[in-house]
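*Asks:* Since the structure of chain G is provided, determine the placement of chain B on it from the hints.
Each chain, written out:
Protein chains: 2
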Amino acid sequence: MNITADRQPTLPPVVKQYYTFAEPPAEQVLESGARLGPITLAYETYGALNTAKDNAILVAHAFSGDSHAAGNYPTDAEGEKPGWWDFMIGPGRGIDTNKYFVVCPNILGSCMGSTGPSSLNPATGSPYGLDFPMMTIGDIVTTQKMLIDHLGIQRLHGVIGGSVGGMQVLQWCVGYPEMVRSGVAIASTMRHSALAIAFNEIARQSIMADPNWKKGKYYGGNKPDMGLAVARMVGHVTYLSDEAMRRKFGRKLQNKETFSFGFDGDFQIESYLRHQGSKFVNRFDANSVLYITKASDYFDVVEPMGKIEDRDGKNHEITKYLVVSYTSDWLYPTYQAKELVKTLKRSGQDVSFCEIEADCGHDAFLIPDQRLTTLIRGFFDGLA
Amino acid sequence: MNITADRQPTLPPVVKQYYTFAEPPAEQVLESGARLGPITLAYETYGALNTAKDNAILVAHAFSGDSHAAGNYPTDAEGEKPGWWDFMIGPGRGIDTNKYFVVCPNILGSCMGSTGPSSLNPATGSPYGLDFPMMTIGDIVTTQKMLIDHLGIQRLHGVIGGSVGGMQVLQWCVGYPEMVRSGVAIASTMRHSALAIAFNEIARQSIMADPNWKKGKYYGGNKPDMGLAVARMVGHVTYLSDEAMRRKFGRKLQNKETFSFGFDGDFQIESYLRHQGSKFVNRFDANSVLYITKASDYFDVVEPMGKIEDRDGKNHEITKYLVVSYTSDWLYPTYQAKELVKTLKRSGQDVSFCEIEADCGHDAFLIPDQRLTTLIRGFFDGLA
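Sequence lines, in order, name chains G and B.
Residue 241 in our numbering is what sits at position 241 of the first sequence, and the numbering runs on without skipping anything.
Residue 635 in our numbering is what sits at position 251 of the second sequence, and the numbering runs on without skipping anything.
Isolated chain G (complex conformation):
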């Protein structure tokens, strides 16, 4: 038996699964009116679905996340990175897999197993590239709903996610309120500010400025790695905070006593960003960045969020909400979380709100923090 460092019970080895909506109609009509199909979603599950099928929690990943939210694959080499939210999901953890059946799908448009611009276009036999239709957060959630239907789940105990994952939570709540017992939106927003759109547009421009991008037709050749790396560097700065960067890097030099008086990078923050950029190009597709950033820019649930209704009005209580923000998140600052809370309250919804004091910026929800764990455990368990 493998004893983990923290000696906590861990998940048994997990497996990535795939579900393809290939039955007629194989093509789905997207929000733009475009058709897409067949669509495959990669997903993972942790814990067991109970016989009432009412203990499922859908975990929605952020922009560049994937379906590997928790545990390790059977083939994982020792020390290989566990799922991106492993500290939150597992036996006895914030989302307790002894109680809940957790589903984490990779989003439509991504490149981690689900159908996206790097997938083969059945009409041509080549990767879609820019022939992939523009999809929205609404389309992402519609495909997730089909997966949940396929798993035989009529109502989710909860939908939870941070950042773009939080957008999916809100979309679930406005699109399928009768299927969502609770929604937890962390470090998220009802819609992008001009600032958030600006940073996304810079990322897109950086990719499209790379001559290797070739209007998206780079598969099989040189990839737009330079542009994608710069795009990731931009993104990464928005996920941090002034305070966290001062604490972590300040003006510390990289392996040097003095300045190089050259452009190789003197400061640790420079090396760190370059490292983040080059790491990203090895695991993510540039076209997926274009599509997912655009979907999140388009996202706007201010109006529907103010008009959420219990669709059938009889069979179930209204959705319960937990909204969490971080003091140092300047991508989706607390004022945006408060706007969401106000909107929900005005439409008579049951909403709890917590602003967590943390200096690590937007990405705080990806860093182990007992406060968030306790909050989430209490919220989900309190629904029972």
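For the record, the hints were derived by calculation from the structure and aren't laboratory data.
There may be inaccurate statements among the hints.
In silico DSS-like pairs for lysine-lysine, Cα to Cα no more than 27 Å straight-line [stated by the list, open to error]:
1) LYS599(B) with LYS256(G)
2) LYS338(G) with LYS632(B)
3) LYS214(G) with LYS279(G)
As the structure is a prediction and not an experimental result, all values here were calculated from the model.
*Replies:* Here is chain B on its own, set in the frame of chain G:
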């Protein structure tokens, strides 16, 4: 007589002048130890130097500024853009040219008339490119000091500047305190935070990722316009604020009723940034961006600022300081201005501080605002 829109007295037509330090030693030794020469500074002056030569104010421009701070050139077509601080400098304005003789030099390393990486290297007859030695804010100020010597000025009534211009102010105060009667640092800092370095590094990486950059040897061929445009977009976002962007752009669409579901840009903020990017490539040199951002990253006067002394101790009173910050400046936030004020107070300096409530971010000092004008006029006139 030309009556201006605001019917205020304006400057007579101004002329860009050049001063070349060509007398032996034609080469200057820079802080890095490298030699550079001959060096030319482009500069403009407004108002008249009095016979005592004690009414001169040096205006230090920001990162991408130039020597054209005020007035119009004789050849200016009607409606052509006046100097970048024209609302501040002129007869009866904040820096009153009826009283003061104003000098604004283009900084070393720039591309607006002063020697920089796009200048001809006398050793090769070709533009320097990356053979241009790395220069510092210290080097920039040393060359400005040589210009002030050349003009026969022994002591400046003041040195004033915003952002990187403010760094030059602080450098003047630590390097030549006996020559500076007063220093006004606006929206500036004693040294870059990791966040500021991060954004500069992203700008540099974006330029260097452009295949047209060719390690700086692009003169005479295709320029790295795409990389430079993205770099400028990044810079531009850091000059604005969340609030200003919400007010100005929000989620307004560009000439459209609905989303395009494509990558041409739907939101006004996207078009605005693209416009800023393409405007910049027509007027600025990519290598100058590399050198000036690096110089500002290296800049750090925390230690010398705490030890400023009256160098001769007899002939003049100590330098008087005015430090101004803006509430919405997240590039050099108010806490950094307060650190400067504290440092100056600890070393017994005479310092006034004002935080201006404004939602337009770092670039606020470039936008007409009577509060700043009044503050500066009062400060300079109060020294008399």
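*Asks:* Now tell me if each hint is right for this structure.
*Replies:* Right, here's what the structure says about each hint:
For a cut-off of 27 Å, the pair hint linking LYS599(B) to LYS256(G) stands: about 23 Å separates their Cα positions. Simply put, LYS338(G) and LYS632(B) have alpha-carbon atoms about 22 Å apart, close enough for the 27 Å limit, and the pair holds. A C-alpha spacing of about 22 Å is found between LYS214(G) and LYS279(G), which places the hinted pair at or below 27 Å, so the restraint holds.
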